[in-house]
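Quick note, the sequences are listed as chains Y and R, same order.
Numbering-wise, this note's numbering puts 10 at position 10 of the first sequence, and it's gapless, one number per residue.
Numbering-wise, this note's numbering puts 18 at position 18 of the second sequence, and it's gapless, one number per residue.
Read the hints as simulated data drawn from the structure, not as lab findings.
Beta carbons are placed, not taken as given, at the ideal position from N, Cα and C, and that holds for glycine.
Treat the hints with caution; some may be incorrect.
Distance ranges between label pairs, derived from CB positions [said to hold, decoys possible]:
1) Y:Asn247 - R:Gln117: 50 to 58 Å
2) Y:Gly25 - R:Glu162: 37 to 45 Å
3) Y:Tyr141 - R:Lys179: 48 to 56 Å
4) Y:Met151 - R:Ile159: 50 to 58 Å
5) R:Glu15 - Y:Tyr141: 54 to 62 Å
6) R:Ile159 - Y:Asn247: 40 to 48 Å
7) R:Asp183 - Y:Lys397: 56 to 64 Å
8) R:Ser182 - Y:Lys12: 22 to 30 Å
Straight-line alpha carbon distances no greater than 25 Å define the calculated PhoX-like cross-link-like pairs of lysine-lysine that follow [to be verified]:
9) Y:Lys148 - R:Lys174
10) Y:Lys135 - R:Lys175
11) R:Lys174 - Y:Lys135
12) R:Lys185 - Y:Lys148
13) Y:Lys183 - R:Lys164
14) Y:Lys135 - R:Lys19
15) R:Lys174 - Y:Lys97
Stretches of chain Y that chain R covers, calculated by requiring three or more beta carbons in the stretch to come under 8 Å of a beta carbon on chain R [to be verified]:
16) 85 to 91
17) 258 to 269
18) 322 to 334
19) 339 to 353
20) 363 to 372
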Amino acid sequence: MGRQLLINDLDKPGIQTLEGYKACGGYTALDKALKMKPEEIVEEVKKSGLRGRGGAGFPTGMKWSFIAKPPGVPRYLVCNADESEPGTFKDRFLMEKKPHILIEGMIISSFALGANVSYIYIRGEMMYVFHILEKAIQEAYDAGLLGKNIMGSGFDHDLYVHCGAGAYICGEETALIESLEGKRGNPRIKPPFPAVKGVWDCPTVVNNVETIAAVVPITTMGGDEYAKIGIGKSTGTKLISASGHINKPGVYEIELGVPVEEFIYSDKYCGGIRNGKKMKAVVAGGSSVPVLPTDLILKTAKGEPRLMTYESLADGGFQTGTMLGSGGFIVMDEDTSIVKNLWNFTRFYHHESCGQCSPCREGTGWMEKILHKFLDGHASMSDIDLLWDIQGKIEGKTICPLGEAAAWPVAAAIRHFRSEFEEYVKSGKNMKDVKHYYRLNNLETA
Amino acid sequence: MSTSKNIQFSPEALELCQKIMRRYPQGKHKSAILPILHIAQAESNGWLSPEVMDYVAGILRIQPIEVYEVASFYSMFNLKPVGKCVIEVCRTGPCWLLGAEDLVRFIEKKLGIKEGQTTPDGMFTLKTVECLASCGTAPMMQIGETYHENLTFDKCGKILDEYKGKGELVTHWKKEKVKNHSDIKQ
Ligand SMILES: Cc1cc2nc3c(=O)[nH]c(=O)nc-3n(C[C@H](O)[C@H](O)[C@H](O)COP(=O)(O)O)c2cc1C
Ligand code: FES
Numbered sequence: 001m002g003r004q005l006l007i008n009d010l011d012k013p014g015i016q017t018l019e020g021y022k023a024c025g026g027y028t029a030l031d032k033a034l035k036m037k038p039e040e041i042v043e044e045v046k047k048s049g050l051r052g053r054g055g056a057g058f059p060t061g062m063k064w065s066f067i068a069k070p071p072g073v074p075r076y077l078v079c080n081a082d083e084s085e086p087g088t089f090k091d092r093f094l095m096e097k098k099p100h101i102l103i104e105g106m107i108i109s110s111f112a113l114g115a116n117v118s119y120i121y122i123r124g125e126m127m128y129v130f131h132i133l134e135k136a137i138q139e140a141y142d143a144g145l146l147g148k149n150i151m152g153s154g155f156d157h158d159l160y161v162h163c164g165a166g167a168y169i170c171g172e173e174t175a176l177i178e179s180l181e182g183k184r185g186n187p188r189i190k191p192p193f194p195a196v197k198g199v200w201d202c203p204t205v206v207n208n209v210e211t212i213a214a215v216v217p218i219t220t221m222g223g224d225e226y227a228k229i230g231i232g233k234s235t236g237t238k239l240i241s242a243s244g245h246i247n248k249p250g251v252y253e254i255e256l257g258v259p260v261e262e263f264i265y266s267d268k269y270c271g272g273i274r275n276g277k278k279m280k281a282v283v284a285g286g287s288s289v290p291v292l293p294t295d296l297i298l299k300t301a302k303g304e305p306r307l308m309t310y311e312s313l314a315d316g317g318f319q320t321g322t323m324l325g326s327g328g329f330i331v332m333d334e335d336t337s338i339v340k341n342l343w344n345f346t347r348f349y350h351h352e353s354c355g356q357c358s359p360c361r362e363g364t365g366w367m368e369k370i371l372h373k374f375l376d377g378h379a380s381m382s383d384i385d386l387l388w389d390i391q392g393k394i395e396g397k398t399i400c401p402l403g404e405a406a407a408w409p410v411a412a413a414i415r416h417f418r419s420e421f422e423e424y425v426k427s428g429k430n431m432k433d434v435k436h437y438y439r440l441n442n443l444e445t446a
Numbered sequence: 001m002s003t004s005k006n007i008q009f010s011p012e013a014l015e016l017c018q019k020i021m022r023r024y025p026q027g028k029h030k031s032a033i034l035p036i037l038h039i040a041q042a043e044s045n046g047w048l049s050p051e052v053m054d055y056v057a058g059i060l061r062i063q064p065i066e067v068y069e070v071a072s073f074y075s076m077f078n079l080k081p082v083g084k085c086v087i088e089v090c091r092t093g094p095c096w097l098l099g100a101e102d103l104v105r106f107i108e109k110k111l112g113i114k115e116g117q118t119t120p121d122g123m124f125t126l127k128t129v130e131c132l133a134s135c136g137t138a139p140m141m142q143i144g145e146t147y148h149e150n151l152t153f154d155k156c157g158k159i160l161d162e163y164k165g166k167g168e169l170v171t172h173w174k175k176e177k178v179k180n181h182s183d184i185k186q
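Here chain R stands alone, though its shape is the one from the complex:
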């Protein structure tokens, strides 16, 4: 267990966590762990350090180990630092039939990194992931919440350039949707 005293989520994020915890029956608020860990990634540069997980344990009023064992099970949680944009290329059957392997090599070449690595400027991390239920528009990749589909090298290259141009942190649960969560029902 580590110290989480340096971690502080924004008031909006904390409010959102409380809102989500109320969706489950009395005493069953541990159920909120997955949504809250997504919010935690948005609040913590896209990854979950032990300190952040301890902080989440505090919000949920559970033991840190309960957070670690859950966070380590699910592939969307990054337990090591990542770039501002995590590129998640689908590598499963149907995408692979339509060139996913080549797409990964193209991105590796363009960014000068291998799968699993982060660019030296901290902009991109390249990950391969399993079928994202977008096989009809293969090959595809996900960046944050956005599905980029029917990719060609050209299209993929331009998309990456755009993200680089913006230079912003992109997480699955978007940071702005953590800040403004009026769409989330009590």
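The following block holds chain Y by itself, in its conformation from the complex:
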């Protein structure tokens, strides 16, 4: 296993507590940061090459440098802990196991941005983690790490946790801001971007949990050192949530650049496909990114080994590549029905569409219905083209990228697994006849 900067020391006693975290060197980065100038921290983050870990991969230092600084107007940092992209569970893991690394990252990042108040927006379903964070924040206040004049630096900061209440769309940063303002989670039209007009119309930076946590090791080791980890523009470490038909599902911290094949088959990571099955397909970055068949996930179209980096996974564009996304790595074995899996994801997007934009609101519903026709054995060949047509009419035509998130999986499934759709049509197969998922047990004997 390579270097671990985020989920290291999890075996140390009391790492969840302030005392345990400090015993492992916690809050020394904050001490260092508070002796620096805010611009210097932004500079280190720029040098580190850190890219947003929430899914879009936007360079964090650059995002920070966009924040508007009108005099007399407060600025806010909001941590996106809404983690609801199917296949992604790294943020929950990190916050539950090591809450103080997020708090330390929040204080350092807020200091760099000149924000005296920040919020962690956590999805409501993770209520127990909300309470873990509350407790950790209380500890930090009691130790003078939050509140007035932190560590004698003259910097004041208040940090609050805010809970959501069940809505995937609230992970989209402007919907999250609306939700934090106490409204429905309808994404805003951009521009203006949050860096200019965010929460309560004030300049706001929204960053993912893992992004903010990564600011801690970057502060400690310096941007240049951090940038030495990884390959090219994929610097540092990344938390990967591995799920599906693998022997060892879980959260893995990898140095960006590990070969995909090693990640799937090595005992250090996923440990291969369960029950001795063969792999059929992988969704590499959360449900929104294009699914790839085995040959294309292991090797690029050029025949080069595919690596766990932003660039390598995207190699070939959407014709033959995919995206690192949020790092939600979902593995499907040979028995999986791509069509039914796609129906499941499409049903999800239909359910989660906020309903503002008609292409997304209506299109996701149509796609779900058509996919259901396939499963019921009522689809015709022209339905494949109809699906293709609809997804193309959603993509790029909505206020927020949920439209793309719903369209891309459909496009990729048709692109790489068209024959499976055709098979459904030809045999009029009923979903009951398709061995489409691993059975826990036989219901009748349970």
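Once you've looked at the hints, dock chain R with the ligands against the given chain Y.
Okay, now just chain R with the ligands, sitting in the frame of chain Y:
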């Protein structure tokens, strides 16, 4: 709009609501609506009646419609009566790959209800929900704040029996954590 004069939260719950409202800038206390609605569910048998929502509007000093439009957007808020325990089974991709569909059928069979229904004794409501960020420990279900992971039929059956044995109301924001909220910072 309906009358909320019969609704009264506990003093602890009201104090907690005020504490949370102070976390947002002056005049922006409407932001507290989602946390307060969670507290409201804990105070009102796990669901939000129009009367309860009107009462929340009073706490937040906003119009009732502002509460209705928010409450109806978010899937964790129950706008109809529910059982003491709402079983929320994850039905999304990764859980489904590992048997979530079978798990739902198992629970339906065990409790004699269909998804969306409540048992006649008012103990359980069965809901399916979307990915709960627990895909590495699939299949899973949430009851209140607790994640029950790596489920088998056997394990799931025993868990449900335990809840039934206790017979208590279980909400996301636990009732006891509403009563004792010393962990919540000002
Ligand atoms: C529909 C949708 C859902 C999203 N969900 C999340 C999420 O759960 N967590 C997250 O960090 N980012 C999510 N994002 C991305 C955010 O909009 C935003 O890019 C991110 O929080 C920025 O932080 P980062 O630069 O640190 O990654 C989502 C985006 C969309 C369009
Ligand atoms: S799919 Fe069930 S927790 Fe993610």
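Hints and how they fare:
| no. | hint | verdict |
| --- | --- | --- |
| 1 | Y:Asn247 - R:Gln117: 50 to 58 Å | violated (37 Å) |
| 2 | Y:Gly25 - R:Glu162: 37 to 45 Å | holds (41 Å) |
| 3 | Y:Tyr141 - R:Lys179: 48 to 56 Å | violated (22 Å) |
| 4 | Y:Met151 - R:Ile159: 50 to 58 Å | violated (45 Å) |
| 5 | R:Glu15 - Y:Tyr141: 54 to 62 Å | violated (19 Å) |
| 6 | R:Ile159 - Y:Asn247: 40 to 48 Å | violated (25 Å) |
| 7 | R:Asp183 - Y:Lys397: 56 to 64 Å | violated (45 Å) |
| 8 | R:Ser182 - Y:Lys12: 22 to 30 Å | holds (27 Å) |
| 9 | Y:Lys148 - R:Lys174 | violated (31 Å) |
| 10 | Y:Lys135 - R:Lys175 | holds (17 Å) |
| 11 | R:Lys174 - Y:Lys135 | holds (15 Å) |
| 12 | R:Lys185 - Y:Lys148 | holds (15 Å) |
| 13 | Y:Lys183 - R:Lys164 | violated (36 Å) |
| 14 | Y:Lys135 - R:Lys19 | holds (15 Å) |
| 15 | R:Lys174 - Y:Lys97 | holds (21 Å) |
| 16 | 85 to 91 | holds (count 6) |
| 17 | 258 to 269 | violated (count 0) |
| 18 | 322 to 334 | holds (count 3) |
| 19 | 339 to 353 | holds (count 6) |
| 20 | 363 to 372 | violated (count 0) |
The structure shown violates the earlier hints numbered 1, 3, 4, 5, 6, 7, 9, 13, 17, 20.
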